[in-house]
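S.K.: Each protein sequence line maps, in turn, to chains A and B. For the first sequence, our numbering begins at 1 and goes up steadily by one. For the second sequence, our numbering begins at 1 and goes up steadily by one.
No lab work stands behind these hints: they were computed from the structure. Any given hint might turn out to be false.
If you only want the chain A side, here are some residues facing chain B, beta carbon under 7 Å, derived [what the hints assert, rightly or not]:
#1 11
#2 18
#3 27
#4 53
#5 55
#6 57
#7 71
#8 197
The beta-carbon is built from N, C-alpha and C at its ideal position, and this holds for glycine as well.
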Amino acid sequence: MSVSDHTRWSEDLAAYMLGALEPGEAAEFERHLDDCERCQGEARWFEAAVNSLPESVERQEPPPGLRAALMAEVRADAQGEERRERGGWLPGWLREGFGARGLRIATGLAVVAFAIAIAAGYEIGKGGSGSESNGGGVTLSSHEHGITAKMVSEGEGGTLQLAGVRQLPPGKVLEAWVRREGTVEAVPALMVPDRKGQAETTITSMKGVDTVMVTEEPQGGSEAPTSPAIVTMSVSQ
Amino acid sequence: MAVRREKAERLADEELMPLVSRKDPEAFEVLYDRHGGAAYSLAYRIVGDRAAAEEVTQEAFISVWRSGARFDATRGSVRSWLLSVVRNRAIDFLRSKAGKAPKLDFDDEAALEQRPAAERTEEEALRRETATEVRGAIGNLPGEQAKVIELAYFGGFSHSEIAQILSLPMGTVKGRMRLGLEKIRGELAEGLA
Numbered sequence: 001m002s003v004s005d006h007t008r009w010s011e012d013l014a015a016y017m018l019g020a021l022e023p024g025e026a027a028e029f030e031r032h033l034d035d036c037e038r039c040q041g042e043a044r045w046f047e048a049a050v051n052s053l054p055e056s057v058e059r060q061e062p063p064p065g066l067r068a069a070l071m072a073e074v075r076a077d078a079q080g081e082e083r084r085e086r087g088g089w090l091p092g093w094l095r096e097g098f099g100a101r102g103l104r105i106a107t108g109l110a111v112v113a114f115a116i117a118i119a120a121g122y123e124i125g126k127g128g129s130g131s132e133s134n135g136g137g138v139t140l141s142s143h144e145h146g147i148t149a150k151m152v153s154e155g156e157g158g159t160l161q162l163a164g165v166r167q168l169p170p171g172k173v174l175e176a177w178v179r180r181e182g183t184v185e186a187v188p189a190l191m192v193p194d195r196k197g198q199a200e201t202t203i204t205s206m207k208g209v210d211t212v213m214v215t216e217e218p219q220g221g222s223e224a225p226t227s228p229a230i231v232t233m234s235v236s237q
Numbered sequence: 001m002a003v004r005r006e007k008a009e010r011l012a013d014e015e016l017m018p019l020v021s022r023k024d025p026e027a028f029e030v031l032y033d034r035h036g037g038a039a040y041s042l043a044y045r046i047v048g049d050r051a052a053a054e055e056v057t058q059e060a061f062i063s064v065w066r067s068g069a070r071f072d073a074t075r076g077s078v079r080s081w082l083l084s085v086v087r088n089r090a091i092d093f094l095r096s097k098a099g100k101a102p103k104l105d106f107d108d109e110a111a112l113e114q115r116p117a118a119e120r121t122e123e124e125a126l127r128r129e130t131a132t133e134v135r136g137a138i139g140n141l142p143g144e145q146a147k148v149i150e151l152a153y154f155g156g157f158s159h160s161e162i163a164q165i166l167s168l169p170m171g172t173v174k175g176r177m178r179l180g181l182e183k184i185r186g187e188l189a190e191g192l193a
């Protein structure tokens, strides 16, 4: 590489380190950086200066609610994860003690709870709820008490997005459920609405799902719905 | 299994990260307590609004929680990585609110006195010393160099956008960025010597 070639790249280095190159330029620069030890050395030298910039800002005290909201979401997530690792929504004693028969019993119990929750949910929503499908894999459903639910398809699965959810009482989370070919499944990732009343969860597969429902559950989630549905959506396959 | 809070507090950031990627809330909480203040301050510095800064900080930490495995210890400290996540989120936020101008002033000495009194650890004290040095280094920059660095780092503008904003040739903008970073780096090195 000639000196003039290197000078050209060297001029871009500071802009690259500050994130000020256009995406195409940055990609081109990175290809050069991979092969140029001189630029790598300069980049390491500049890195300390760039990393020091955020340390220069005036310190602000974060709002006290931020930590609490963040940790509520994190703990709900961790409990959902733990639950999924333990075997989804099924209680351990059923899985371990009763095998396939236990699975059938648990499924039956959940179906009953699901039906009750849906019935109660419609009761709540009477007079203002409804659902519609735009035919493009996105189903919308709104309820009288102001919650808008949107299912956005992504590959086989999708993201269930809620808006207008009121703040939950302490120790409560939102749990989504799907009914797939008559079997009810809990969606592993629990939800805690943010400050704006928005929450979302991912449903990894929507194959065979005819209904999606959301209920309010104790922290850590439940094995089957324990409260009326605040959202119920019919899914057109 | 989650580590106890007291144990997590004794761990270095780099030791906490594997626990965070295994979804340990206690490890994550310690990480937030160590860097949440700096993260929120940076977000506020970029977006200039408390509610937006809160939203950006929460989103950034949640993305760290969900993608902790992406941290690469060979490429720098946890704190730098975390603050870069916050910066990217904040810049995205600014871009999504196109037309909103970012705050573009470096802190003055009077503002330093308003910092919260949370000087709990030696590490924090060292950070504050570094922050003072950095403020000094930035404060000593010629205005035109400070301006291009502000617009790029805190405003999220590209060099060509900055050239347009300041009516300067692109080469001049890049040159001022380089000179400015060289001076900051040089002063930091002197401070460490």
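S.K.: So, against the hints stated earlier in the document, which numbers end up violated here?
M.R.: Of the numbered hints, 3 and 8 do not hold.
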